[in-house]
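Visitor: Sequence:
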Amino acid sequence: AKTGYCTYEDVALRAKVMHCFDEREGIWRYYGSYEDRVRHLRDWLDASRSQAARANALAMGGKHPILCKLIPELRDAWSFEGQIAFTAISVIRSPEAIHRSWTKSIYPDGSHWWPRGDRVNAVEDLIRSRDQYLATIPHLSIDFEQLRAEPRIEIERLSELLELSKERLDYAISLVRRI
1 AKTGYCTYED
11 VALRAKVMHC
21 FDEREGIWRY
31 YGSYEDRVRH
41 LRDWLDASRS
51 QAARANALAM
61 GGKHPILCKL
71 IPELRDAWSF
81 EGQIAFTAIS
91 VIRSPEAIHR
101 SWTKSIYPDG
111 SHWWPRGDRV
121 NAVEDLIRSR
131 DQYLATIPHL
141 SIDFEQLRAE
151 PRIEIERLSE
161 LLELSKERLD
171 YAISLVRRI
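Residue numbers (the working numbering): 1 to 179.
The set of hints was computed from the structure by calculation and includes no laboratory data. Keep in mind that this is a model prediction, so the values were computed, not measured. Possibly wrong hints are sitting among the right ones.
[To be verified] Label-pair distances were calculated between CB atoms; the ranges are:
1. 166 to 143: 17 to 23 angstroms
2. 166 to 146: 15 to 21 angstroms
3. 135 to 24: 24 to 30 angstroms
4. 63 to 124: 18 to 24 angstroms
5. 27 to 103: 20 to 26 angstroms
6. 28 to 165: 36 to 42 angstroms
7. 83 to 120: 33 to 39 angstroms
8. 79 to 149: 33 to 39 angstroms
9. 101 to 174: 18 to 24 angstroms
10. 79 to 146: 28 to 34 angstroms
11. 166 to 36: 27 to 33 angstroms
By construction, the Cβ of each residue, glycine as well, lies at the ideal position given by its N, Cα and C atoms.
All chains, please: the whole structure from these sequences, using the hints.
Guide: So this is what it looks like as structure tokens:
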């Protein structure tokens, strides 16, 4: 969901992620117990499932950089009887491309999104955590540059792998083209 600023992180997801992980510069640590973090993420998932059902959506998801640190918690939050299997989707970008994007992301007041002096270390840790956790679970990877270059091909591939309806492909492709 567009936040009204310069990013596409869901506002409710961001709030729950911030209950799970303290990402302030110089701190970078988990909040609460593993079970507490699972509960926070499950709260967001439950609300998102309800919202998706009201919109007749066949799937739902969310993105936030700190989810790279919370993949096991997210997997466990997703897991309950009657739910389809959890599938993590990773968008692969080079650290250099992440830093360029980060530098270009500016709020309406001119300030940068997530300004921090330890950006290089934060990005390296997020990528390391993502790769470590994803090595242990089923997941799909999408190359960000390929997605931007050929959105139809990548969106159709994703739709096919997740067995999603093709009826909203054009809408999904239009969203990618805005990036």
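Visitor: Taking the Cβ atom of residue 166 and the Cβ atom of residue 143, is their distance within the range 17 to 23 angstroms?
Guide: 22 angstroms Cβ-Cβ, so the 17 to 23 angstroms window holds.
Visitor: Quick one: are residue 101 and residue 174 within 18 to 24 angstroms, going by C-beta?
Guide: holds, 20 angstroms
Visitor: Could one say that the CB atoms of residue 28 and residue 165 fall in the range 36 to 42 angstroms?
Guide: For residue 28 and residue 165 the Cβ distance comes to about 40 angstroms; the hint holds.
Visitor: Can you tell me whether the CB distance of residue 135 to residue 24 sits inside 24 to 30 angstroms?
Guide: The hint (24 to 30 angstroms, Cβ to Cβ) holds, given that residue 135 and residue 24 are roughly 28 angstroms apart.
Visitor: Does the hinted range 15 to 21 angstroms hold for residue 166 and residue 146 at CB?
Guide: holds, 20 angstroms
Visitor: Taking the beta carbons of residue 63 and residue 124, is their distance inside 18 to 24 angstroms?
Guide: holds, 19 angstroms
Visitor: Could you see if the CB distance from residue 27 to residue 103 stays within 20 to 26 angstroms?
Guide: holds, 22 angstroms
Visitor: Just to be sure I understand the hint, the distance between the Cβ atoms of residue 79 and residue 146 should be within 28 to 34 angstroms; is that true here?
Guide: At 30 angstroms between Cβs, range holds.
Visitor: In this structure, is the beta-carbon distance linking residue 79 and residue 149 contained in 33 to 39 angstroms?
Guide: The hint (33 to 39 angstroms, Cβ to Cβ) holds, given that residue 79 and residue 149 are roughly 35 angstroms apart.
Visitor: Evaluate the given range 27 to 33 angstroms for the C-beta pair formed by residue 166 and residue 36.
Guide: Roughly 39 angstroms apart at Cβ, these two residues miss the hinted range, so it is violated.
Visitor: So does residue 83 sit 33 to 39 angstroms from residue 120, Cβ to Cβ?
Guide: holds, 37 angstroms
The earlier numbered hint that this structure contradicts is number 11, and it is the only one.
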